[in-house]
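Asker: Here is what each chain is made of, one letter per residue.
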Amino acid sequence: MGHVIIKDLCKDYVERRAAPRTANNHSAVDRGQQLRVLDQVDLEFHDGELVCILGPSGCGKTTLIRIIAGFEEKTSGTLLIDGKQVKGPSSENIFVFQHNGLLPWMTVWENAGLGVRKMGNEAEKAERIQEYIDIVNLSGFEHHYPHQLSGGMQRRAELARALVVNPEVLFMDEPFAGLDYLTRVKMREEIINMHEYFRKTIIFITHDIEEALTMGDRVVVFTERPAKVKLNVSLEYPHPRDFSCSVDLEQLRRTVYEELGVHHAL
Amino acid sequence: MADFRYMQIVLPLAVFLALGIVWQCAASFSGWSSAVFPGPVATAVGMWELIANGTLLQHSVASLFRVTLGFYLAVIVGVPLGMLIGWWKTGQVMFNALIQFLRPISPLAWIPLALLWFGIGDKPAVFLIFLASFFPLLVSTITAVNHINSLYFQVAANFNFSPLETVSKVIFPAILPELLPALRISLGVAWLVVVAAEMIAVKSGLGYLILDSRNALRMDYVMDAMIAIGLIGICLDRIIVQLNRIESVSWGSV
Ligand SMILES: Nc1ncnc2c1ncn2[C@@H]1O[C@H](COP(=O)(O)OP(=O)(O)OP(=O)(O)O)[C@@H](O)[C@H]1O
Ligand SMILES: [Mg+2]
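As given, the protein sequences belong to chains U and E, one line each in that order.
Each residue of the first sequence is one higher than the one before, counting from 1 in the numbering used here.
Each residue of the second sequence is one higher than the one before, counting from 1 in the numbering used here.
The reader is advised that the hints may include incorrect statements.
[Unchecked claim] Under 7 angstroms between C-beta atoms, here's a sample of chain E residues computed to sit facing chain U:
id : residue
1  : 28
2  : 117
3  : 151
4  : 157
5  : 158
6  : 160
7  : 162
8  : 251
No wet-lab data here; the hints were simulated from the structure.
Cβ atoms here follow ideal geometry from the backbone N, Cα and C, with glycine treated the same way.
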């Protein structure tokens, strides 16, 4: 399960900021005016798909997945996960935050156990937590606090916490932002492997076009705000993907660059 | 490292020693009799008398008892109330003005009312100490709750935390690093106020010792009581500072 249907989804923010008014200042947004962020978005994510979302900064990617995850209200349209309306955050859909999503007063072990804290059988619970801590390679750091871990380890701990729940949908908002290149590549690999293994729907926001094309089963590209779907392609290439071997993939890469406004792609 | 620790004890002691010398010189050259301005030696003799006959211990215990009681009451009422008001945005709008109105009124201004309501004895003193530490604690708790990163509430919502869990697993641990300095300050204020409270309402405590010694014209005892107040103040402060070492709190200082 983890089938997401989005139809005609719109989101308006009411602009509360008072723009300083000078003679030649024509602010893009006026006070009290509606600011449209998502404009009639139609998307369908299949069960177990790893969807990568690309788009210019400030176009509404975070807004979209916050709405799907139930953290934000939509203005209009339909949003169904497994046929059910989304009414609010739920532990079936776990959000991996861009940074510092771990609770800093809890150890890795306690953080990872949040999703199974109501599980009755202690032994089974401990086994499950340990299993996922091992999967993300954090064995030996169970009793460390987040501030005692590196940035990459924190991301992995958060990933473990999300996976322990066995969520239907996993949301990741630029989870690798701020990581160095090597860690990033390794984390990519870990997520791909983990996804092949668990087959959960993952919605993954990134700014990195190569990353989206190497990881995704589907790549969605948004326009500038108000965000509309500009490109929505399903990628059926096996992993690992190599741009120099696949002509189609290379062609797609150029297209995505162009769609995002870079015309002289490398 | 060992050197550093050693210096941490030696340097402050040197300052105290210097203060003692300045004090002795001031007392010797002031031309006042030692009944008016006792020097360190006279004060030390007086201190010995007070320790030997148990007076000092008895008064210190009385003061500590009132401070502890009043302070604990303030913590027990102020912190949960602050968490509630801080969490509940409407509550903040409702109560903020009232709190800011009551806060600048010195606890000492409440003395006549405290005496009238609670009579003579421990109760008015405890009440004043409660007031003195309650408002700083309440305000700091509310502020600390407002400073909690909203991300943590989203995590709580994502993992279906009940309101009780949100309080015990998110709000309370999240405010602790900010709460400890507030506890430290309000305990200091409580200790300031107890002396004033004991000068009016009771017949025991270090405040009473000062007043009583003044009436008996024993300025050396007055100074002894002041020294005891200072020393106990240091100890109370140290105890709270130790709480910072708890590991689930130390994230705040990173
Ligand atoms: N709470 C809010 N109130 C008003 N406007 C908002 C709010 N949150 C976001 N916006 C507006 O919505 C637009 C989209 O924001 P969003 O965070 O979804 O962008 P994004 O695509 O995730 O950008 P980035 O790639 O830089 O993270 C922004 O232009 C912003 O001004
Ligand atoms: Mg974003």
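Asker: For the hint on residue 28/E, just tell me whether its beta-carbon gets within less than 7 angstroms of chain U.
Answerer: 55 angstroms, violated
Asker: Tell me if the interface restraint on residue 162/E is satisfied: Cβ within less than 7 angstroms of some Cβ in chain U.
Answerer: Violated: closest Cβ of chain U sits about 10 angstroms from residue 162/E, beyond 7 angstroms.
Asker: Go through the hint on residue 151/E and say holds or violated, using the shortest Cβ distance to chain U against 7 angstroms.
Answerer: 6 angstroms, holds
Asker: Holds or violated: residue 160/E as interface residue toward chain U, Cβ cutoff 7 angstroms?
Answerer: At about 5 angstroms, which falls below the 7 angstroms cut-off, the nearest Cβ of chain U leaves the hint on residue 160/E intact, so it holds.
Asker: Double-check residue 158/E for me: the hint is only fine if its C-beta lies closer than 7 angstroms to a C-beta in chain U.
Answerer: 5 angstroms, holds
Asker: For the hint on residue 251/E, just tell me whether its beta-carbon gets within less than 7 angstroms of chain U.
Answerer: 4 angstroms, holds
Asker: Does residue 117/E meet its interface restraint, that is, does its C-beta lie within less than 7 angstroms of any C-beta in chain U?
Answerer: 41 angstroms, violated
Asker: For the hint on residue 157/E, does the least C-beta distance to chain U fall short of 7 angstroms?
Answerer: Interface hint status for residue 157/E: holds (4 angstroms vs cutoff 7 angstroms).
In the structure shown, a violation is registered for the earlier hints numbered 1, 2, 7, in ascending order.
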